[in-house]
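There are 2 protein chains.
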Amino acid sequence: MTLFVGLSAFPITPMTPAGEVIAPDLRRLVERLEAGGADSVGLLGSTGTYMFLSRDERRRAVATAVGAVTSTPVIAGVGAMRTDEAQTFARDAAGEGAAGLLLAPVSYTPLTEEEVFQHFLAVASATDLPLCIYSNPGTTNFTFRSSFVARLAAIPTIAAIKLPLPASRDVAADLADFRRAAPGLSIGYSGDWGCKDAMLAGADCWYSVAGGLFPQQAADLTAAAMRGDHEEAERCDAVFAELWKLFRKVGSLRLMYAAANMLELTDAQLPKPLLGLEQGLRERLVSALPV
Amino acid sequence: MTLFVGLSAFPITPMTPAGEVIAPDLRRLVERLEAGGADSVGLLGSTGTYMFLSRDERRRAVATAVGAVTSTPVIAGVGAMRTDEAQTFARDAAGEGAAGLLLAPVSYTPLTEEEVFQHFLAVASATDLPLCIYSNPGTTNFTFRSSFVARLAAIPTIAAIKLPLPASRDVAADLADFRRAAPGLSIGYSGDWGCKDAMLAGADCWYSVAGGLFPQQAADLTAAAMRGDHEEAERCDAVFAELWKLFRKVGSLRLMYAAANMLELTDAQLPKPLLGLEQGLRERLVSALPV
Numbered sequence: 001m002t003l004f005v006g007l008s009a010f011p012i013t014p015m016t017p018a019g020e021v022i023a024p025d026l027r028r029l030v031e032r033l034e035a036g037g038a039d040s041v042g043l044l045g046s047t048g049t050y051m052f053l054s055r056d057e058r059r060r061a062v063a064t065a066v067g068a069v070t071s072t073p074v075i076a077g078v079g080a081m082r083t084d085e086a087q088t089f090a091r092d093a094a095g096e097g098a099a100g101l102l103l104a105p106v107s108y109t110p111l112t113e114e115e116v117f118q119h120f121l122a123v124a125s126a127t128d129l130p131l132c133i134y135s136n137p138g139t140t141n142f143t144f145r146s147s148f149v150a151r152l153a154a155i156p157t158i159a160a161i162k163l164p165l166p167a168s169r170d171v172a173a174d175l176a177d178f179r180r181a182a183p184g185l186s187i188g189y190s191g192d193w194g195c196k197d198a199m200l201a202g203a204d205c206w207y208s209v210a211g212g213l214f215p216q217q218a219a220d221l222t223a224a225a226m227r228g229d230h231e232e233a234e235r236c237d238a239v240f241a242e243l244w245k246l247f248r249k250v251g252s253l254r255l256m257y258a259a260a261n262m263l264e265l266t267d268a269q270l271p272k273p274l275l276g277l278e279q280g281l282r283e284r285l286v287s288a289l290p291v
Numbered sequence: 001m002t003l004f005v006g007l008s009a010f011p012i013t014p015m016t017p018a019g020e021v022i023a024p025d026l027r028r029l030v031e032r033l034e035a036g037g038a039d040s041v042g043l044l045g046s047t048g049t050y051m052f053l054s055r056d057e058r059r060r061a062v063a064t065a066v067g068a069v070t071s072t073p074v075i076a077g078v079g080a081m082r083t084d085e086a087q088t089f090a091r092d093a094a095g096e097g098a099a100g101l102l103l104a105p106v107s108y109t110p111l112t113e114e115e116v117f118q119h120f121l122a123v124a125s126a127t128d129l130p131l132c133i134y135s136n137p138g139t140t141n142f143t144f145r146s147s148f149v150a151r152l153a154a155i156p157t158i159a160a161i162k163l164p165l166p167a168s169r170d171v172a173a174d175l176a177d178f179r180r181a182a183p184g185l186s187i188g189y190s191g192d193w194g195c196k197d198a199m200l201a202g203a204d205c206w207y208s209v210a211g212g213l214f215p216q217q218a219a220d221l222t223a224a225a226m227r228g229d230h231e232e233a234e235r236c237d238a239v240f241a242e243l244w245k246l247f248r249k250v251g252s253l254r255l256m257y258a259a260a261n262m263l264e265l266t267d268a269q270l271p272k273p274l275l276g277l278e279q280g281l282r283e284r285l286v287s288a289l290p291v
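Just so you know, the protein sequences line up as chains A and B, in that order.
Quick note, the first sequence lines up with residues 1 to 291 if you use this note's numbering.
Quick note, the second sequence lines up with residues 1 to 291 if you use this note's numbering.
Be careful, since some hints might not be right.
Restraint-style ranges between C-beta atoms, simulated for each label pair [as the list claims (entries may be wrong)]:
| # | chain 1 | residue 1 | chain 2 | residue 2 | range |
| --- | --- | --- | --- | --- | --- |
| 1 | A | Asp-170 | B | Arg-180 | 18 to 24 Å |
| 2 | B | Ala-173 | A | Arg-145 | 33 to 39 Å |
| 3 | A | Ala-176 | B | Leu-263 | 29 to 35 Å |
| 4 | B | Arg-180 | A | Ala-176 | 22 to 28 Å |
| 5 | A | Ser-168 | B | Arg-180 | 50 to 56 Å |
| 6 | B | Arg-91 | A | Val-250 | 29 to 35 Å |
| 7 | A | Ala-122 | B | Pro-110 | 51 to 57 Å |
| 8 | B | Arg-145 | A | Gly-228 | 26 to 32 Å |
| 9 | A | Glu-31 | B | Pro-110 | 29 to 35 Å |
| 10 | A | Gly-276 | B | Ala-173 | 35 to 41 Å |
| 11 | B | Ser-54 | A | Glu-31 | 49 to 55 Å |
| 12 | B | Arg-180 | A | Glu-20 | 42 to 48 Å |
| 13 | A | Glu-232 | B | Arg-180 | 57 to 63 Å |
Here are some chain B residues pointing at chain A (derived, C-beta under 10 Å) [stated by the list, open to error]:
| # | residue |
| --- | --- |
| 14 | Pro-17 |
| 15 | Phe-52 |
| 16 | Met-81 |
| 17 | Pro-110 |
| 18 | Thr-112 |
| 19 | Glu-114 |
| 20 | Val-116 |
| 21 | Pro-130 |
| 22 | Phe-148 |
| 23 | Leu-275 |
| 24 | Glu-278 |
| 25 | Gln-279 |
| 26 | Arg-282 |
| 27 | Leu-289 |
I should point out that these hints are in silico values taken from the structure, not numbers from a laboratory.
Ideal Cβ placement from N, Cα and C applies to all residues, glycine included.
Required output: the full structure, derived from the provided sequences and hints.
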């Protein structure tokens, strides 16, 4: 259960225009996460553009990341349209040495709760690895109610949930709701701009996009929040203030690619149809980086 | 341009649990569409579960459908997460004899208008086939504004748009808006329960789910509406009244699979994670079939 605790940092997955993982660049990014103090590497999350990668390339990405760390565990996203595909990706990730799995209910046709339950049961049962439920209504059109999460939490390998910031903005109430529903589950949040508050409220894990490039600053924030040091947490969060504004304005993915290019960590571009950041935003990004 | 006129009937794509197209069953379904008077076969639409099929299986589906018709054109869905994949599917479909293409802006990360434009430009330019824009905000999280459609309509091979029923419920006003924006474009609708009104209002094409199993009844409705015979159109639409209620209640896809099983046209089940219809709905469906 310590796997889904603290800072889980999500790197981009640098790839060629043809969709091949650029292993040296990914290695460099993952090494940076371990050096910066991330508690886990959140590989192949939405930031890692997992839905744009083939089976072979996902496997290569996991192998590369596992090979790049000495002790930091790698959590691998295994979401897919088909249940059998997601099971295959889970087995592949286990075979390559991932420490845990992350699963979103990816869909084209919106899914019912029973369909999501059977899907999670099938994928969680495909390996012995602990699995984190990935709630991302903005991309999957599926909302996890706390009563439904209670049902999922009874599946033996399901160990955690990664929640979006609540629409109510009251993350403490949201956390309390899920804690009541699923007492043994690790509960963490994504949506970087609200994660200071989530961690101060007692969340277990920060699933962080910015942490995928700026692990040290994110680890400092995580540590301060987890020991209940409000003042220091605010100070650490303030470093990211301009970046959070941009995240909320245009989404984090395109910004992280541009930032990785600026930091000369990779020349990789987003997979098409995704396009890079327009020039005006690039200029704003330069002065928003927490460096 | 007559390709995207009249009744475009969308069959399911029967497949094995492992995702292989069951060619004899697909052939039977497509033959039924031609015999029933469909103006085109809308292969690999949402009803055809295209996002659950591999490249090879999509190609086999197109080849099977094209081989099953004598004169009815086959429109093939080519949507994919990656632009290069969608281009490949478009070329494959052209190579197998499809007469036109259908493209939705499938995404995981929500797309910007510029990203959708570049994606459509790339896929529309990959072949000489006329292409129909597939607007399906419920699955793609992207809404086509009429001003944006005007921009897309300038791409030489873009010939049509398949619209959802408008939230306003005023399909005549919606149609007029898109006509003004893109005068040369074929404008059609999906959302079977509102398509009588759309066709009576002067839409060019009914992209029909129910027509994929009940082409004759749908063709009768289409013909009556296109010649402006309100009374006969109402009579033809009334045959479907109970089915439309179920479509609106639980979505059409699971119902069409159950109906195809009931009619003994195929034993195929939906690809997991999608599940079949529960027993109570099955019983309601039996009495809702327009037979």
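Check: Does the structure break any of the earlier hints, and which numbers would those be?
Finding: 1, 3, 4, 5, 7, 8, 11, 21, 22, 25, 26, 27
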